[in-house]
Every structure is written in C-alpha cells, then in structure tokens.
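Q: What follows is the residue order along each chain.
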Amino acid sequence: MPIYRFIFFSAKHRFAHASNLLPRFGSSKRIQSCGYTKSAKNNYYKKPTGHPVVNVETQASHSSGAYFIPPILLGFGGLLAFLHYNDERRAVKIGKDSYTGSDTAVAPIIGGPFTLVNSENQIVNEQDFLGNWVLLYFGYTSSPDIGPDQVRIMAKVIDTLEAKKNLKVLPVFVTIDPQRDTPAQLRAYLKEFDPRIVGLGGPVSAVRQMAQEYRVYFKKVEEEGDDYLVESSHSMYLIDPKMKVVRCFGVEYNAEQLSKEILKELKKHQVNA
Amino acid sequence: MSLEAYASAKRDEIHTDVLLQARQACYKARDAFYSCLEKHSDKKPTEIGSVGLLYPTECKPSREDYVKNCRVSWVKHFDRQYCKTKRTQRLLDDKETRRGV
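First to last, the protein sequences are chains A and B.
Residue numbers for the first sequence, in the working numbering: 1 to 273.
Residue numbers for the second sequence, in the working numbering: 1 to 101.
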C-alpha cells in the first residue's frame with residue numbers, strides 16, 4: 001500500500017505540471033487539475049505526518065528494487081549450474097579409453113571401385129588388390145622431376161620394407177596422363193625403377209573416375225600440341241587389404257620417413273585386427 | 001571408348017625421351033647450363049630463353065645443348081623454377097640494402 005501512495009503522489013505532481021504547460025486542453029482537464037492541486041495542497045498540509053510515510057516509501061523503494069535481486073541471482077546461478085553440468089556431460093573423462101569407433105569417422109571416405117588396364121594390357125579392377133597392402137601413386141611418365149623422384153622413393157620404400165621387415169606392400173602407379181601413357185610406355189618406364197610396380201592406365205573416363213574417387217587433382221598445363229605437363233598433387237595413398245585408404249603422404253616424405261610411417265600403420269592395423 | 005578398344009590401339013609407341021637415360025642427359029645439360037649462368041652472372045644477359053629467363057651470350061652453346069636434350073615443356077618448367085629460386089635468393093640477400101621494405 002505505501003508503494004501505491006508513492007506512485008500516485010508522483011503522478012499527481014506530473015499532471016499538475018502538465019496542466020500548466022498545456023492550456024489548450026478542455027475545461028475538464030482544468031477541473032481535474034484544480035482537483036489535483038487541491039489535493040496536493042491537502043497533502044502539503046499533511047506534510048509533517050508525511051515524513052514517516054516518505055521514510056516508509058523510501059524503504060519500500062529499496063525493497064521494491066531488492067525484490068528483484070534474489071530471483072536474478074537465482075536465475076544466473078541456475079544458468080551457471082546448467083552450463084557446468086553440460087560441460088561435464090560432454091567432456092571425455094581423463095583416463096577413459098577413446099572408443100575406436102571414432103577412428104573411421106575422422107577422415108572423409110576416400111577410394112572406391114575402379115577398372116583400369118595394366119601394363120600387360122589386362123583389365124584390372126580393385127578386387128584384384130584385396131588382401132594386399134597397396135601403396136598407390138598417381139603420376140605420369142612425362143614428369144620432369146617430381147614424378148621420377150616419387151617413383152624412386154616408392155621403389156626404395158618397398159625394398160626397405162621387404163628386406164628389413166619382411167612386409168609385402170604392393171606398389172601401384174596410376175597414370176593421370178592416359179592419352180600419352182600407353183601400357184607399353186608404362187611398362188618401359190616402370191621397369192627402370194622396379195619390376196614389382198604395377199602400372200595402370202586406361203581410357204580417360206576410367207582414370208578420371210578413379211581420380212575423383214581418390215580426390216586427386218590433375219590438370220594439363222603448358223600445352224603445346226602433344227607436349228604438356230600435368231599438374232597434380234603428387235601424393236601417395238596407403239591402402240589396407242580391405243581396399244580402404246588408411247593414409248595419404250605428400251612429397252615432403254623421403255624414403256626413410258615413409259617406410260617408418262608405413263611400418264607404424266601396419267603395426268597399428270595388426271593390433272586392431 | 002571401351003577398354004578393349006583402348007588396349008588394342010596405340011600399343012607400340014613409346015616416348016623414349018622421358019625414360020631414364022634421356023632424363024639423365026637432360027638433367028646434365030640443364031645443370032651445365034645453369035652453372036654457366038652462375039659463372040657468368042656478372043655479364044649482361046642479352047639472350048632470352050623461355051618464360052623470361054635471360055642469359056648472356058657466353059652461355060649460348062650450353063643453352064642449345066640443354067634445349068636439344070630436354071622437352072620444351074621441361075625446359076620451361078626448369079626455367080621457371082630457376083627464376084623462382086633466384087628471386088627468393090635475391091629477396092633474402094637484399095635484406096640489408098633495402099631498408100623499410
């Protein structure tokens with residue numbers, strides 16, 4: 001009740017001022033204003049008794065403000081508690097084993113079926129590679145420097161793994177320049193590096209489809225009739241016996257690092273299997 | 001074009017200029033040419049190679065040898081690479097002379 005009196009009191013003051021400023025308004029207003037000023041005068045007389053009222057009112061104003069503080073605090077505390085609970089729920093506890101199901105969802109699924117022609121002019125598809133670890137490289141025979149280097153690294157890695165660790169990894173070279181790299185060309189080229197490297201080519205559409213599945217970028221550049229270079233990402237893919245791409249290696253790996261990494265992947269796979 | 005048709009056509013062509021020996025000859029000629037460039041780097045380059053590479057007249061014979069042993073696209077590729085390395089070298093070396101840049 002003292003709150004209402006406080007509000008009414010201030011409202012009356014405002015109306016009195018407003019009536020002085022706006023004489024245009026109808027007589028009803030004036031009568032009202034008279035009434036207000038009269039009652040204001042009455043209140044003025046009541047001033048000595050009004051003091052405790054004022055005190056109570058100021059106290060009331062404090063408490064009216066204070067009424068809002070506990071709910072706000074409670075709400076804020078509730079929000080903090082909710083956030084904390086949410087964090088706890090989402091966090092993986094220290095020491096708990098990371099579930100292996102997350103491994104497969106880490107990287108995009110690369111790879112897929114393909115049908116190509118090998119250097120012996122036989123038709124080959126991915127089923128023929130099941131059961132082997134495969135190191136796949138997309139290149140072309142007319143590469144000036146990077147291509148030969150990568151194939152040389154590949155050959156060295158295969159040698160190292162077989163000689164030292166007795167692990168058989170099948171090297172495969174897929175040409176991204178099928179128009180110039182005929183099976184005979186592939187055979188002649190790869191023979192100089194290692195006889196075990198399987199060369200794959202085919203019609204442009206088949207190669208393009210495989211490159212798309214393995215997310216390989218390749219593009220003809222510097223074209224001068226029949227003489228051109230093919231820009232590509234020059235990366236090697238390590239594929240497990242189920243024809244799933246395990247890892248991708250760029251040009252920054254040399255032969256020792258590559259063999260070490262492949263060894264690591266093979267060991268990890270053996271632990272899981 | 002079906003796979004069988006592809007396999008039968010163009011069976012015998014082999015580009016020998018990308019095989020091992022040709023590659024090595026190309027690398028040798030290329031290295032000879034670039035060392036000539038380094039040797040005569042104080043001379044004014046008057047001849048124009050490909051992709052904007054300039055070289056002095058003293059290196060003309062090694063240039064011809066280089067172009068003969070390598071494919072045109074390879075020549076351009078190596079020249080471009082050489083220019084790039086030279087440019088970065090120049091940027092790295094010039095740090096003392098160009099202040100505020």
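Please keep in mind that the hints were generated in silico from the structure rather than gathered at the bench.
Note that beta-carbon positions come from the ideal geometry of N, C-alpha and C, so glycine has one too.
Where hints are given, some of them may not hold.
[What the hints assert, rightly or not] Here are some of the chain A residues that sit facing chain B, going by a computed Cβ distance under 8 Å:
1. Q185
2. Y189
3. E192
4. P195
5. E222
Q: Hint by hint, note whether the structure agrees.
A: A quick look at each hint next to the structure:
no.: 1; hint: Q185; verdict: 5 Å, holds
no.: 2; hint: Y189; verdict: 6 Å, holds
no.: 3; hint: E192; verdict: 4 Å, holds
no.: 4; hint: P195; verdict: 14 Å, violated
no.: 5; hint: E222; verdict: 5 Å, holds
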